[in-house]
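Let the hints inform the model, and build the full structure from the sequences given.
Protein chains: 2
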Amino acid sequence: MLPYKSLIQVDRNSSVSLHIQVCNSFITLISGGTLQPSDMLPSSRVLADLIGVHRNTVKLAYEELISQGWADSVARKGIFVLSKLPIVTKRRLTNAGEQLQKKEPFTWTNKFKDAVPSRNLQSSILTIDDGFPDVRLTPIDELMREYRSISRKSYGKNFLKYGSAKGSAHLRQAIAGYLYNTRGISVSAENILITKGSQMGIYLAAQLLLAPLENIAVGVSNYLLADNTFKHHGANLVRIPVYDHGMDIDYLEKVLRKRKLKAVYVIPHHHCPTTVTMSMERRLKLLKLAREHRFAIIEDDYDFDFHYENKPYLPLASIDHHQNVVYIGSVTKTVAPALRIGFMIGPAPFINAAAALRELIDKQGDTVLEEAFAVMFNNGEMERYFRKSLKIYKSRRDLFCQVLKSEFKNKIEFTLPEGGLAVWASFDKKTDLVKLSAAALKKGLSIDDGTFYRNESFSANGLRLGFASLDEAEILEALGKLKAVLK
Amino acid sequence: MLPYKSLIQVDRNSSVSLHIQVCNSFITLISGGTLQPSDMLPSSRVLADLIGVHRNTVKLAYEELISQGWADSVARKGIFVLSKLPIVTKRRLTNAGEQLQKKEPFTWTNKFKDAVPSRNLQSSILTIDDGFPDVRLTPIDELMREYRSISRKSYGKNFLKYGSAKGSAHLRQAIAGYLYNTRGISVSAENILITKGSQMGIYLAAQLLLAPLENIAVGVSNYLLADNTFKHHGANLVRIPVYDHGMDIDYLEKVLRKRKLKAVYVIPHHHCPTTVTMSMERRLKLLKLAREHRFAIIEDDYDFDFHYENKPYLPLASIDHHQNVVYIGSVTKTVAPALRIGFMIGPAPFINAAAALRELIDKQGDTVLEEAFAVMFNNGEMERYFRKSLKIYKSRRDLFCQVLKSEFKNKIEFTLPEGGLAVWASFDKKTDLVKLSAAALKKGLSIDDGTFYRNESFSANGLRLGFASLDEAEILEALGKLKAVLK
Numbered sequence: 001m002l003p004y005k006s007l008i009q010v011d012r013n014s015s016v017s018l019h020i021q022v023c024n025s026f027i028t029l030i031s032g033g034t035l036q037p038s039d040m041l042p043s044s045r046v047l048a049d050l051i052g053v054h055r056n057t058v059k060l061a062y063e064e065l066i067s068q069g070w071a072d073s074v075a076r077k078g079i080f081v082l083s084k085l086p087i088v089t090k091r092r093l094t095n096a097g098e099q100l101q102k103k104e105p106f107t108w109t110n111k112f113k114d115a116v117p118s119r120n121l122q123s124s125i126l127t128i129d130d131g132f133p134d135v136r137l138t139p140i141d142e143l144m145r146e147y148r149s150i151s152r153k154s155y156g157k158n159f160l161k162y163g164s165a166k167g168s169a170h171l172r173q174a175i176a177g178y179l180y181n182t183r184g185i186s187v188s189a190e191n192i193l194i195t196k197g198s199q200m201g202i203y204l205a206a207q208l209l210l211a212p213l214e215n216i217a218v219g220v221s222n223y224l225l226a227d228n229t230f231k232h233h234g235a236n237l238v239r240i241p242v243y244d245h246g247m248d249i250d251y252l253e254k255v256l257r258k259r260k261l262k263a264v265y266v267i268p269h270h271h272c273p274t275t276v277t278m279s280m281e282r283r284l285k286l287l288k289l290a291r292e293h294r295f296a297i298i299e300d301d302y303d304f305d306f307h308y309e310n311k312p313y314l315p316l317a318s319i320d321h322h323q324n325v326v327y328i329g330s331v332t333k334t335v336a337p338a339l340r341i342g343f344m345i346g347p348a349p350f351i352n353a354a355a356a357l358r359e360l361i362d363k364q365g366d367t368v369l370e371e372a373f374a375v376m377f378n379n380g381e382m383e384r385y386f387r388k389s390l391k392i393y394k395s396r397r398d399l400f401c402q403v404l405k406s407e408f409k410n411k412i413e414f415t416l417p418e419g420g421l422a423v424w425a426s427f428d429k430k431t432d433l434v435k436l437s438a439a440a441l442k443k444g445l446s447i448d449d450g451t452f453y454r455n456e457s458f459s460a461n462g463l464r465l466g467f468a469s470l471d472e473a474e475i476l477e478a479l480g481k482l483k484a485v486l487k
Numbered sequence: 001m002l003p004y005k006s007l008i009q010v011d012r013n014s015s016v017s018l019h020i021q022v023c024n025s026f027i028t029l030i031s032g033g034t035l036q037p038s039d040m041l042p043s044s045r046v047l048a049d050l051i052g053v054h055r056n057t058v059k060l061a062y063e064e065l066i067s068q069g070w071a072d073s074v075a076r077k078g079i080f081v082l083s084k085l086p087i088v089t090k091r092r093l094t095n096a097g098e099q100l101q102k103k104e105p106f107t108w109t110n111k112f113k114d115a116v117p118s119r120n121l122q123s124s125i126l127t128i129d130d131g132f133p134d135v136r137l138t139p140i141d142e143l144m145r146e147y148r149s150i151s152r153k154s155y156g157k158n159f160l161k162y163g164s165a166k167g168s169a170h171l172r173q174a175i176a177g178y179l180y181n182t183r184g185i186s187v188s189a190e191n192i193l194i195t196k197g198s199q200m201g202i203y204l205a206a207q208l209l210l211a212p213l214e215n216i217a218v219g220v221s222n223y224l225l226a227d228n229t230f231k232h233h234g235a236n237l238v239r240i241p242v243y244d245h246g247m248d249i250d251y252l253e254k255v256l257r258k259r260k261l262k263a264v265y266v267i268p269h270h271h272c273p274t275t276v277t278m279s280m281e282r283r284l285k286l287l288k289l290a291r292e293h294r295f296a297i298i299e300d301d302y303d304f305d306f307h308y309e310n311k312p313y314l315p316l317a318s319i320d321h322h323q324n325v326v327y328i329g330s331v332t333k334t335v336a337p338a339l340r341i342g343f344m345i346g347p348a349p350f351i352n353a354a355a356a357l358r359e360l361i362d363k364q365g366d367t368v369l370e371e372a373f374a375v376m377f378n379n380g381e382m383e384r385y386f387r388k389s390l391k392i393y394k395s396r397r398d399l400f401c402q403v404l405k406s407e408f409k410n411k412i413e414f415t416l417p418e419g420g421l422a423v424w425a426s427f428d429k430k431t432d433l434v435k436l437s438a439a440a441l442k443k444g445l446s447i448d449d450g451t452f453y454r455n456e457s458f459s460a461n462g463l464r465l466g467f468a469s470l471d472e473a474e475i476l477e478a479l480g481k482l483k484a485v486l487k
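Top to bottom, those sequences are chains A and B. Residue 281 in the numbering used here is what sits at position 281 of the first sequence, and the numbering runs on without skipping anything. Residue 389 in the numbering used here is what sits at position 389 of the second sequence, and the numbering runs on without skipping anything.
Honestly, the hints are just simulated from the structure, not real lab data. These numbers were taken from a predicted model, which means no experiment stands behind them. Careful: at least some of the hints might be erroneous.
Stated by the list, open to error - A partial selection of chain B residues facing chain A, derived with a Cβ cut-off under 8 Å: (1) 31; (2) 85; (3) 104; (4) 108; (5) 112; (6) 117; (7) 120; (8) 122; (9) 197; (10) 319; (11) 324; (12) 339; (13) 360; (14) 362; (15) 365; (16) 366.
Glycine residues also receive a C-beta, built at the ideal position from the N, C-alpha and C atoms.
Shown next as structure tokens:
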């Protein structure tokens, strides 16, 4: 007989009833090959004694085992493992550690073998991030109030059911109004898809627009996750220089004489990472080229809401009368990263295709959250939030840049950003950013190591320094620590 | 001079200030080609008179226009549209209606041209759905309480920042415990990815496992969105019959003699749509074949939590000692469709690849919501919810099936489902389900028309009738209406 006393152990504190625990132990023994088809199980009395449970518990476990098709009862003989079960060769249970060393049980794409996850920022350590909002300002109480109020109404409960892959109709309507009022984009709900943040917009656009080996133009420096998304779809990335006035559109025009482009990806406000803004002249010329060469412009405008000086240039989407622009934005980047709400704007048939693809990816968004945001847009709460946080971020930017200017001479070069939540800091060539990042962490400051923004054509020794998520005391403390490790 | 009086109209009730409205109107005129480079703008006095605003408003608008790079001021002459702007040919503003009729502004995949969106169920009309939970039972107040409590704590606010593409560490831990307690699946957090519902698990698995033209085995009848996801990835679907004891594994074995399979997609509990359950014998044989032929089993177990009779068969994943199973489940399908939380279980390196892909798709989930669910799993709230709703659904199933049996003789055939939230109803061949659905809607009952479950090899005249989302009075009313249109 098997050493059941050690093989079957029950936990009296578990929420799982004892007979189910015993039954599951037998299933493990049978499915693992320790018990073979036609093997006899011990009598209920014997097993009860061995493992220290009541006999009725074992009887119930055996009934369960039989009802689940693992064993059978033979009159006057006992309980047997079902003879028709396939024979399993006995082997030890694997665990993840073992499993890594042996051959994989099945094969999958090796595209992601060397993928490095993005920085996880969900900690309380003092952090200079890449330029994200201060979640302490997020109007989360107001949002929750709306969420609860909606989900308590009998009509509101409907938003817990399956809805549309395009997102809440109310939020699409509210976003249409918000885009018109803040940036002159004139679209109706049929041109709008609610996404999970900007990234989903980039992914959907890439998958719809790009077949393997087709060309997409991107900046020499660019947002890494956008590059990776286009590469993932097999597209060929054509790098276009980005200078002080944004992407070099004359260069792009020359490229177009030789190669067909399916799309151009631009971040006209606060290009990522270097924060430059594309001039109006270049914007218009880019639109003209798109019209003539029939390519799509993917306009990633993640950061429009934060401008500190004049009213910003209007987005390409607002002056595009030929529908060449797929416009991507997000609430995520302006309110809180973990609240996954964004939007994609485009010609109605393109948005329909995007919604059909999105249905395969994750069906739809969280409609109640979308409805809550719709209320917040409509009752002015979002506008109040933007106004309030803009004021705070402006004073944080000013303090941050003032300290950067006075305390980091010869170490860091930068231009005062007229918008956005980060400064592009060029470090002295002798500064090893990877070492700097490690040294800072020892002093209690988390700061990026610069690898995220490098690519095959861009290797500047720079970092995006996010000032918005730190209050004044934290800015002084963080830059103090940075200075201490930079000397 | 242009007819500015009709071209520029301001709205005094708008939240946008008047000078910005005037400025934006000029941008529209310039970018649309109505005003050309080097054109002179009217003097501020003239324009102020024409459009009925204060002269200073026009002056401010012109300043804004200049600062945004659209115009320039020439001393003692006036304001001119910037001469270096590209020339735009004047045309009318397009709208979506026009746009559909002309050539698309750019091209994209036509894969989704004929896509039909899923049924939108977010309405209050009496509905027989496909088998979804009753959102009136969703513990939304408890969930919101946890959400708020987390987001108010200073540590909890960290969950509003960017986190991990794999999902909340606490929820992954809680799901590990829940899977072990409810279904004997023994995995650790590194084997778990938190997804947006089951559908995202299917999408991620498809994209990682399937290259174009590779084979995946699926049921002759199958969940349409799974089929569509595999087809979208260019895979070849090998149809395997599904009878009363689930997928015919002997048939699968014969297929394997001739063709290499990358994966098999199964719904062993309550196969969708026909609700049959795969026998234990077949489960073990499928695992054996997977081991020998090194294919992945995608086990979609969306519905495990609802069983009314014996304890259910354990999932393949719980008796898979060779890690051939990618196990997909969701909280969405058991708590509320619009709360997008699911999970995917697999070998740790596979889960790492899935997380890297997921980062390109939408970065991550809503961490605060994930944390709130983790608390609900850990404090027993989820278990209480499952126990309570199971009891309610069992009595609804019994009533629903009793009425179906007594009132729909010769019209509908069905088997009492031992779990899940729907009955598979085979209708009399003479019944035209499309007409039935339309007639029912006229009587105030929304019911599917059967097309969703048909595919190239499955054309049964059947419907999934969801009983769970209707209370007793609604069941009687809904089936009463159905009977009235079925005679």
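Here is how each hint holds up against the structure:
1. 31: holds (4 Å)
2. 85: holds (6 Å)
3. 104: holds (7 Å)
4. 108: Because about 4 Å separates residue 108 of chain B from the closest Cβ in chain A, which is inside the 8 Å limit, the hint holds.
5. 112: holds (4 Å)
6. 117: holds (6 Å)
7. 120: Result: holds, 5 Å to nearest chain A Cβ.
8. 122: This hint holds: residue 122 of chain B lies near chain A, its Cβ roughly 4 Å from the closest one there, short of 8 Å.
9. 197: Residue 197 of chain B check passes; min Cβ-Cβ to chain A is 6 Å, inside 8 Å.
10. 319: It holds, given that the least Cβ distance between residue 319 of chain B and chain A is near 4 Å, below 8 Å.
11. 324: holds (5 Å)
12. 339: At 6 Å from the nearest chain A Cβ, residue 339 of chain B passes the 8 Å test, so the hint holds.
13. 360: For residue 360 of chain B, the interface hint holds, since the closest Cβ of chain A sits about 5 Å away, which is under 8 Å.
14. 362: This hint holds: residue 362 of chain B lies near chain A, its Cβ roughly 4 Å from the closest one there, short of 8 Å.
15. 365: Check passed: Cβ of residue 365 of chain B comes within 7 Å of chain A, closer than 8 Å.
16. 366: At about 5 Å, which falls below the 8 Å cut-off, the nearest Cβ of chain A leaves the hint on residue 366 of chain B intact, so it holds.
Figure legend: structure checked against the earlier numbered hints; every hint is met.
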